[in-house]
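**Student:** Sequence:
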Amino acid sequence: MTRPTRQRTRDTDRRRWQADETEDDDGIDLDEVDSDELVRTADGELIHEPTGIVVEEEQIDRGPEWRAFNHSERQEKSRVGAPTTQTMHDKGLTTTIDWKDKDAYGRSLSSEKRSQMHRLRKWQERIRTKDAGERNLQFALSEIDRMASALGVPRSVREVASVIYRRALGEDLIRGRSIEGVATSALYAACRKEGIPRSLEEIADVSRVERKEIGRTYRYISQELGLEMKPVDPKKYVPRFCSELDLSKEVQSKAEEIIETTAEAGLLSGKSPTGFAAAAIYAASLLCNEKKTQREVADVAQVTEVTIRNRYQEQIEAMDIHA
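Mapping to my numbering: the sequence shown position 43 is 43, numbers consecutive.
I should point out that these hints are in silico values taken from the structure, not numbers from a laboratory. For each residue, glycine too, the CB sits at the ideal point set by N, CA and C. Incorrect hints may have been included.
Unchecked claim - Computed beta-carbon distance windows for the label pairs:
#, residue 1, residue 2, range
1, ARG146, GLU49, 13 to 21 Å
2, GLU76, ARG175, 30 to 38 Å
3, GLU260, THR293, 22 to 30 Å
4, ARG119, VAL206, 35 to 43 Å
5, GLU305, ARG175, 37 to 45 Å
6, ARG74, ARG146, 27 to 35 Å
7, VAL206, LYS77, 53 to 61 Å
8, GLN124, SER149, 21 to 29 Å
Said to hold, decoys possible - Computed cross-link-like contacts, DSSO-like style, restricted to lysine-lysine with a CA-CA straight-line distance of at most 30 Å:
#, residue 1, residue 2
9, LYS212, LYS230
10, LYS249, LYS193
11, LYS291, LYS249
12, LYS193, LYS122
13, LYS91, LYS77
14, LYS212, LYS236
15, LYS271, LYS235
16, LYS212, LYS271
17, LYS236, LYS193
18, LYS291, LYS271
19, LYS292, LYS235
20, LYS271, LYS236
21, LYS249, LYS236
22, LYS100, LYS122
23, LYS193, LYS230
24, LYS235, LYS291
25, LYS212, LYS249
26, LYS271, LYS249
27, LYS122, LYS91
28, LYS249, LYS230
29, LYS230, LYS271
30, LYS122, LYS102
Build the full structure now, drawing on both the sequences and the hints.
**Tutor:** This is the structure:
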């Protein structure tokens with residue numbers, strides 16, 4: 001009994017391919033090949049350049065199945081939506097209904113269609129926040145976004161703050177505390193984790209919660225969630241404060257030098273980083289003949305003049321500078 005012609009042909013092709021592969025393998029020993037002789041092509045193939053033998057080949061094409069020759073074609077053919085984000089309570093996965101009462105051609109809708117779209121929007125909002133937990137999350141994340149915009153912090157901080165708040169909500173740390181307080185504390189924790197210098201006073205200025213409550217809530221959630229926070233480096237405040245005071249790079253470098261020297265002497269322990277940075281800037285401005293008053297520096301750093309005077313005296317004594 002003979003096998004079908006198609007199967008015999010397939011077996012012959014397989015044997016021929018195996019023979020060719022063996023011949024290629026015999027022609028080159030990968031252990032003895034110099035790595036400089038191997039070239040990776042744009043198609044993902046690894047080629048031995050002197051002999052032209054394909055050592056490795058990447059068969060999977062991870063790109064789209066369509067072609068586009070300009071930006072508008074690429075936008076029209078693309079079927080990928082916006083990436084998921086932690087800053088939205090539904091992670092951006094639900095649809096939204098536009099508030100404009102116009103159709104796809106830009107024409108105004110009839111009164112009957114407008115009332116229908118109004119009902120659809122209402123039900124869409126109800127469906128998106130179907131329980132109290134989601135409504136809580138929606139309000140908190142909108143507060144984080146509002147405060148982050150006011151502070152001018154990058155997108156990564158908002159994402160981290162949203163993740164921290166979600167963890168606090170999941171572990172039931174919100175109970176007995178205001179949503180605004182926990183949201184503000186999450187944003188402050190995110191700023192510290194991302195190394196973005198924002199003081200507690202600056203956070204309190206854009207929040208609807210008092211500074212004392214923010215600090216208390218921050219300590220509670222950081223302890224319960226096991227957030228490992230490093231002490232804030234005063235040098236991170238120096239560039240921003242110097243920029244607001246219109247001071248030169250020379251003053252900035254001198255202030256950072258003062259902070260580094262006095263911190264090594266142990267003066268930073270137990271001190272406010274913003275006050276420590278403000279005093280160093282004040283001292284540096286005097287040394288570089290770009291004098292700023294204690295009141296000006298205190299207003300920018302949001303500390304008292306007494307704090308600046310005390311830290312200033314400690315710093316110049318530690319550096320043996322005669323004011």
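**Student:** Between LYS230 and LYS271, is the straight-line Cα distance small enough, at 30 Å or below?
**Tutor:** Since the Cα atoms of LYS230 and LYS271 sit roughly 14 Å apart, the hinted pair holds (cutoff 30 Å).
**Student:** Is the Cα-Cα distance between LYS271 and LYS235 30 Å or less?
**Tutor:** holds, 14 Å
**Student:** Please work out if LYS212 and LYS271 have their alpha carbons no farther apart than 30 Å.
**Tutor:** Distance of about 18 Å is within 30 Å: holds.
**Student:** For LYS271 and LYS236, compute the direct alpha-carbon distance and say whether it is at most 30 Å.
**Tutor:** holds, 15 Å
**Student:** Does the beta carbon distance between VAL206 and LYS77 stay inside 53 to 61 Å, or does it fall outside?
**Tutor:** This hint is violated: roughly 42 Å between Cβ atoms.
**Student:** Given a hinted range of 37 to 45 Å, is it respected by the beta-carbon distance of GLU305 and ARG175?
**Tutor:** holds, 41 Å
**Student:** Given the hint that LYS122 pairs with LYS91, test it: the Cα-Cα distance must not exceed 30 Å.
**Tutor:** With a Cα-Cα distance of about 20 Å, the restraint between LYS122 and LYS91 holds, given a limit of 30 Å.
**Student:** Given the hint of 30 to 38 Å, is the C-beta distance from GLU76 to ARG175 inside that range or not?
**Tutor:** 49 Å Cβ-Cβ, so the 30 to 38 Å window is violated.
**Student:** Next pair to validate is LYS100 with LYS122; report whether the Cα-Cα distance is within 30 Å.
**Tutor:** Between LYS100 and LYS122 the Cα gap is close to 14 Å, so the pair holds against 30 Å.
**Student:** Taking the beta carbons of ARG146 and GLU49, is their distance inside 13 to 21 Å?
**Tutor:** violated, 58 Å
**Student:** Does LYS249 pair with LYS236 here, judged by a C-alpha cut-off of 30 Å?
**Tutor:** This hinted pair holds, its Cα atoms lying about 14 Å apart.
**Student:** LYS291 and LYS271 were given as a pair; does the straight-line alpha-carbon distance stay at or below 30 Å?
**Tutor:** The hint holds at about 24 Å.
Hint compliance for this structure: hints 1, 2, 7, 12, 25 are broken, all remaining hints hold.
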